[in-house]
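J.: Listed below, chain by chain, are the residues.
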Amino acid sequence: EPEVTQTPSHQVTQMGQEVILRCVPISNHLYFYWYRQILGQKVEFLVSFYNNEISEKSEIFDDQFSVERPDGSNFTLKIRSTKLEDSAMYFCASTGQNEQFFGPGTRLTVL
Amino acid sequence: AQSVTQLGSHVSVSEGALVLLRCNYSSSVPPYLFWYVQYPNQGLQLLLKYTSAATLVKGINGFEAEFKKSETSFHLTKPSAHMSDAAEYFCAVSDGAGNMLTFGGGTRLMVKP
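Chains Z and H, in that order, give the protein sequences. So that you can map any letter, position 1 of the first sequence is 1 in our numbering, and since no number is skipped, the others follow by simple counting. Offset between the second sequence (1-based) and our numbering: plus 1000.
Possibly wrong hints are sitting among the right ones.
Stated by the list, open to error - Chain H is nowhere near these chain Z residues, computed Cβ spacing over 12 Å in every case:
#, residue
1, Ser-48
2, Lys-57
3, Gly-72
4, Thr-76
5, Glu-85
6, Leu-111
To be verified - Partial pick of chain H residues on the chain Z-facing surface, computed with a CB cut under 8 Å:
#, residue
7, Pro-1040
8, Gln-1042
9, Leu-1044
10, Leu-1046
11, Lys-1049
12, Met-1100
13, Phe-1103
14, Gly-1104
For the record, the hints were derived by calculation from the structure and aren't laboratory data. Virtual Cβ for every residue (Gly too), placed ideally from N, Cα, C.
Could you put together the complete structure from these sequences and hints?
T.: Below, the structure written as structure tokens:
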């Protein structure tokens, strides 16, 4: 069964450093998303991506964040200068048949 | 704007007992509604979804949910809890296919032997 994959599973970084979180959505899906979940809190929408551009973004998704589909398979989330409060689980998702399929997540720890 | 409220951040049931996890939503358009389950250190797995077809939706692992427009609810039930059901459950709403999901705060289900 096809699935969304994410790498790395855990990323530790120093405050102020740039990080890139990688996702491989399911191959025939057209909509891609990033969500985050701060420990103990609800899952929050960050951004959606369709036809090689951002279709919707939340207030969280400020200038420090960017997304890219550099090739036909990868979908990346970049945080330019990480802050302590960026520590969270980041989930990638892609949509097919009215359902969003989620990846296993990347746990980002900012020290 | 859409929102989801899950009543009860923690629910504890005995094995074999009925599971009822509550979800109320707010949406200005006909909603798409979802229940996801999250096991420790894992991602989100879809249990079931409502997309304007039958109001009683059956999902995986014996779970089902009923869409009640008049009550703006989409409660999740399972007749008999199993130890393996212990997890975090999230209700979510969307205003269409391919659109962002808005999640509730989650309910941690604990199952006692």
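J.: Determine for every hint whether it applies to the structure shown.
T.: We went through each hint and held it up to the structure:
1. With 12 Å as the threshold on Cβ separation, the claim that Z/Ser-48 sits away from chain H is violated: the shortest Cβ distance comes to roughly 6 Å.
2. For Z/Lys-57, the requirement that its beta carbon stay farther than 12 Å from each beta carbon of chain H is not met, with the minimum near 9 Å.
3. Annotated as non-interface, Z/Gly-72 keeps its C-beta farther than 12 Å from every C-beta of chain H; the closest such distance is 19 Å.
4. Listed as a non-interface residue, Z/Thr-76 keeps its Cβ farther than 12 Å from every Cβ of chain H; the least gap is roughly 18 Å.
5. At the 12 Å boundary, the C-beta of Z/Glu-85 stays outside the reach of chain H, the nearest C-beta of that chain being 19 Å off.
6. Separation of Z/Leu-111 from chain H is adequate, the least Cβ-Cβ distance of about 20 Å exceeding the 12 Å criterion.
7. Contact between H/Pro-1040 and chain Z, as hinted, is not supported at the beta carbon level, the nearest pair being about 12 Å apart and thus beyond 8 Å.
8. For H/Gln-1042, the shortest C-beta to C-beta distance to chain Z is roughly 6 Å, which falls under 8 Å, so the interface hint holds.
9. Checking H/Leu-1044 against chain Z: minimum C-beta separation of about 4 Å stays under 8 Å; hint holds.
10. A least Cβ separation of about 6 Å between H/Leu-1046 and chain Z falls short of the 8 Å threshold, and the interface hint therefore holds.
11. Hint on H/Lys-1049 holds. Least Cβ distance to chain Z is approximately 6 Å, under the 8 Å limit.
12. Checking H/Met-1100 against chain Z: minimum C-beta separation of about 4 Å stays under 8 Å; hint holds.
13. Given the 8 Å rule on beta carbons, the hint for H/Phe-1103 holds: about 4 Å separates it from the nearest Cβ of chain Z.
14. Because the smallest distance between the Cβ of H/Gly-1104 and any Cβ of chain Z comes to about 7 Å, under 8 Å, the interface hint for this residue holds.
Taken one by one, the earlier hints fail for this structure at numbers 1, 2, 7, listed in ascending order.
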